[in-house]
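K.L.:
The primary structure of each chain is shown beneath.
Number of protein chains: 4
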Amino acid sequence: MVVKKVGILGATGTVGQRFLTLLSDHPNFEVAVLGASARSAGKSYKEATKWKQSVPMSKKVTDMIVKSCDAKEFAQCDIVFSGLDSDFAGEIEKNLRDANIPVLSNAKNYRRTPNVPLVVPTVNTEHLDVLKSQRKENNLDRGCIITNSNCSTAAVVVPLKALQDAFGPIDKVSVVSMQAISGAGYPGVPCLDMLDNVVPYISGEEDKIEWETRKILGGVNESQSAFELNDTVVSAQCNRVPVIDGHLMCISVKFAKANPSVSDVHKALNDYVCEAQKLDCHSAPKQAIVVFDESCPDRPQPRLDRENQNGYAVSVGRIRPDSIFDVKFVSLVHNTVLGAAGAGILNAEVAVKKGLL
Amino acid sequence: MVVKKVGILGATGTVGQRFLTLLSDHPNFEVAVLGASARSAGKSYKEATKWKQSVPMSKKVTDMIVKSCDAKEFAQCDIVFSGLDSDFAGEIEKNLRDANIPVLSNAKNYRRTPNVPLVVPTVNTEHLDVLKSQRKENNLDRGCIITNSNCSTAAVVVPLKALQDAFGPIDKVSVVSMQAISGAGYPGVPCLDMLDNVVPYISGEEDKIEWETRKILGGVNESQSAFELNDTVVSAQCNRVPVIDGHLMCISVKFAKANPSVSDVHKALNDYVCEAQKLDCHSAPKQAIVVFDESCPDRPQPRLDRENQNGYAVSVGRIRPDSIFDVKFVSLVHNTVLGAAGAGILNAEVAVKKGLL
Amino acid sequence: MVVKKVGILGATGTVGQRFLTLLSDHPNFEVAVLGASARSAGKSYKEATKWKQSVPMSKKVTDMIVKSCDAKEFAQCDIVFSGLDSDFAGEIEKNLRDANIPVLSNAKNYRRTPNVPLVVPTVNTEHLDVLKSQRKENNLDRGCIITNSNCSTAAVVVPLKALQDAFGPIDKVSVVSMQAISGAGYPGVPCLDMLDNVVPYISGEEDKIEWETRKILGGVNESQSAFELNDTVVSAQCNRVPVIDGHLMCISVKFAKANPSVSDVHKALNDYVCEAQKLDCHSAPKQAIVVFDESCPDRPQPRLDRENQNGYAVSVGRIRPDSIFDVKFVSLVHNTVLGAAGAGILNAEVAVKKGLL
Amino acid sequence: MVVKKVGILGATGTVGQRFLTLLSDHPNFEVAVLGASARSAGKSYKEATKWKQSVPMSKKVTDMIVKSCDAKEFAQCDIVFSGLDSDFAGEIEKNLRDANIPVLSNAKNYRRTPNVPLVVPTVNTEHLDVLKSQRKENNLDRGCIITNSNCSTAAVVVPLKALQDAFGPIDKVSVVSMQAISGAGYPGVPCLDMLDNVVPYISGEEDKIEWETRKILGGVNESQSAFELNDTVVSAQCNRVPVIDGHLMCISVKFAKANPSVSDVHKALNDYVCEAQKLDCHSAPKQAIVVFDESCPDRPQPRLDRENQNGYAVSVGRIRPDSIFDVKFVSLVHNTVLGAAGAGILNAEVAVKKGLL
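Protein chains in written order, with full-length UniProt numbering: chain A, 1 to 357; chain B, 1 to 357; chain C, 1 to 357; chain D, 1 to 357.
Careful, some of the hints might be misleading.
What the hints assert, rightly or not - The following label-pair restraints were derived from C-beta to C-beta distances:
1) B:E91 - D:S68: 35 to 43 Å
2) B:A226 - A:D171: 37 to 45 Å
3) D:E228 - A:S24: 41 to 49 Å
4) B:S44 - D:Q76: 40 to 48 Å
These aren't lab readings, by the way, just hints derived from the structure by calculation.
Every residue gets a Cβ at the ideal spot worked out from N, C-alpha and C, and that includes glycine.
Turn these sequences into a full structure, and let the hints guide you.
P.N.:
Structure below.
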């Protein structure tokens, strides 16, 4: 594959740092432009950034000069990844698209736009086909916006997709999350709120899980110009816990028709293969879902399992029958890899393989 | 009220330490005997104990000599509180009862015995009336066993009782818990399992919540000699989180017939008054349920709210309609007060007021 | 003692909250005015405050209307406690003093002013006598500024004072601190910086310990108009650790002349009695220094010992000879009680007893 | 280099797990035998082990059958790494040596034996030459024992060696440590002791730092048959903090003669090159000491810097003059890599390169 020049919007932030970590030795994507706020523009990346990753900053970017997020700074880029906060993402990302630059956004601003794909790369990359319609509407040949899901949604839709594929429509899903602090960025959650504590509230988060799940698991209209929500009823309760990375979810599922056994569910999750794997994308996990059986009743755990498949897998365990729903289980996602920066990267890899970028 | 002499079984353990903390200035219960394992017997309490409470050991017990848990050591006691581990509680507590000594146990061993009351003191103290039948069967005039619930069950049944009283039978309850480490005793949970982590499994815990809830919210047979489970279907998922004290639960409730509004639910919880309050017991909370409204969307939190009403209240917040069940909310209990030692103490206070001890 | 009307500057902040917690049932100080920023002024205290204490807000203050920090709002106050950040404390506290109101400040702004007492209440309350000179210079009969030390300094000077009293001048002191996050206020330290981590740097803190120790342990000039630093060389290294409350310090001491044994040191610390105790002040600890002997080699610990003597004691343990200095030990202070709000309150109690307020 | 067959003693423990993680893709060392307690022997490694590493167990070892620690089980091994607890290491390691098998031990048992090298691989690999004398005394041609230091000692001796090389003898060193919980193994430190807490005591640890530093920085007698301690006076105070991996130390140094500037010290640390680097060993760090300058005043930090150079570097920061000693700084070691398993591996690599294994 030819090497693509990529830019990063919001490069100094938490998601931006994760983009750079994941791209530091990527064979096909070469970091060419780093964009950040006016305050950072003009400084070296090292000067501009409070680096909070547990692996050192890559040598390559250390001395790169940070640019503003103006579209013209990114003119040379084949692809731009955005880790911008939603306060700024709306306008900046639109400007880049209008300048005919493809943008893969981690922000919430365009997720609900009917012709913008909302894609978790191990779930619904076929939704990328709507890009043709999006470009046509905007009279662009390259420029487009692709969004990835909220970090917590990813932990839900990956196993649900495998189950929907195997057992048909899902009627109801109850989700209780225990979410890592990195999801709130930096400085993010004050330590006084998290030490010896749990906070049973994350503003806006429950609605995102409930809505995004239905778009991601849903379909496309006949003209391939807009997405249609599926009918699954999702109820979410979100909690913040003192964990660095890794959102853990307790999920209960009721199917519309099927009532598979625990071993059926185990097999369906374990056997699930996504398009990114079939296309042999560089960052695609070997297992999209890592399943723990009864011999490991206390897994997955954030600290031990978030790095499974380099953070691109969702880990599932404790599959058991439920007295109210049909089945319940625990699901874990690396919230800044598959739940954020990694989603953008793998979405881009798939889109490139499919000739869409 | 006359002063009662009380003994503590398992006085050196985590629950035993909490008993002593709560009894240190109790007007009616005077600590007379401390019992622990053979290893500790004969030592001063200070020598025998790794004190882990955040308030200092009371002067009074510091130099008391620890006894074994033989029934004869407790002959002088009017009441004995047991913080014994279930490995030992079965035989020791039975021996004391057979020696005609009333035992209030925190262990699971007798909770499911048909004629042993399983009592959360702000929920079902009327169940204590079965003691008459228990004593009769055993040919005893004083000796008896009273159990309190598992720590996590308490967070569930207090709000459910208020709702059942107000809106009639509850059809289904889904519970996801985030439980404190003090629930596992000392040494208990290794720090390597808890730092930057959540463990989505606590052995035996889910079954306890599911079963105990039905006994506590259930009734008594006609002859007042055995308990009958109620019909509520309870599904529980339990997680251990890095919190010292305070179990937080996400609870979803479907009523059999009613479908009260959020403000109805808020009012029913807020107005709930239990028998321990009506009897004006020393340790009874002024509010059995502390309710947070929409102005505090991120409460209750373990670190900030576990001490509400000295740990004898359950705190509830985030009451909202649910798309699958009728209503969902967050509930917090101080797991070593109302969920353990405090339950025994307040149960004893009620039993004394009712002439049963 | 007559009841004094007190005001709080910065009442909504972390230190302000602690002032209110400590004053909630104080027999001599009645909270009359709460001052905070313009943003909070006009709101009820409950509305204006993100309460982060683990005990509930006292009923009394819940509905008090927060005022601005203008001097005229505090005209009725006999005493004003300031928990203001140093960015604002300088001007506001001076304005109050100039309006003839006594201010007890927790901020650093006036600590180094030659005629302003810098007082740790269990160490050097005799320094309060300089208030006469301060008032004279300012032509005031009541208005004055009294400061208390930085939170970490308190853990150092309490044991050093006892040792200096017993064994004469101290030549050198090496201090390494492990400090709680509450010392940085709210929101303060981001959780991403503290979970699974230690931060070996607190801006400005080392200099404060090194300088303030010398003023607090030093003397007053002949005319009682200015303080003189003592000659002890202090070297400090400060670290932030994931602890809510309680600064723990490793301290090594070399005396100028004496070389007392471990048991001499133990006795000197244990026997130490401060003026606040002799004057029988309400908040004075019964033991100014709680000493742990070899039977407790792992104490003091922040979580278990910070509440010793309601947070007004310093706890010392692990006293042992040192191969470089003479003796080394571990010292713990409750940083928001004796290290902040409690210092102001107990300083005020002493000053009242001495007729200075 | 030819591939060596290696065995692991104590393979199921915390240090054993780290050995396997570090060896999972090692080009020269092939894991051939896993030894553990009788309880584990006969089981597959997966069955026998509670895996606590944040990277998955390597496929290769998952199904290997665990052996006992009898010498005969390790007959095929060229090298045996021991992660045994000191309770068992003494006899087992001796038995292997007597069976002519080279053992690299992480336990304390033989560290003080005069003819056993105590080696930190980036400090004193020239001490390995004493193996000849050790073998001669025991009439062995291959069998020998090599020890590595206590985990906390490593953080001290690496910078001290660089300073001693550059500025001559060191007179006095004061060390205060903040040590990670992984140093205590599994289950190790109870979470109730560590959450919201620091424990200012680690049994035996201070003496190890004080003594081992002097052997590692010392010399060998004329006949190359025994080590001689150097004269540096070391005073250590050890604390346990809630950190998973990474021991952080505050170190103050007084030289016997020199008094280098901060920039001299910075340069000496930064320029330091050890024998393992010169021999181009596989695991040798590119920088033995990673130095942070004044632009990063809050580094090193355990979570952000412990993985520097894959855990084989020591990171140093906050170099500044000291008013009592000459210079002070902060030092960080990955306690289970350079401070434990990694030390054994890199020591073995050096010994192989030097023809000693």
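K.L.:
Give a verdict on every hint.
P.N.:
Against the structure, the hints come out as follows:
1. B:E91 - D:S68: 35 to 43 Å: For S68 (chain D) against E91 (chain B), whose Cβ atoms are near 37 Å apart, the range 35 to 43 Å holds.
2. B:A226 - A:D171: 37 to 45 Å: 39 Å Cβ-Cβ, so the 37 to 45 Å window holds.
3. D:E228 - A:S24: 41 to 49 Å: Distance hint for E228 (chain D), S24 (chain A) holds at roughly 47 Å.
4. B:S44 - D:Q76: 40 to 48 Å: violated (56 Å)
Of the hints listed earlier, the one the structure fails to meet is number 4.
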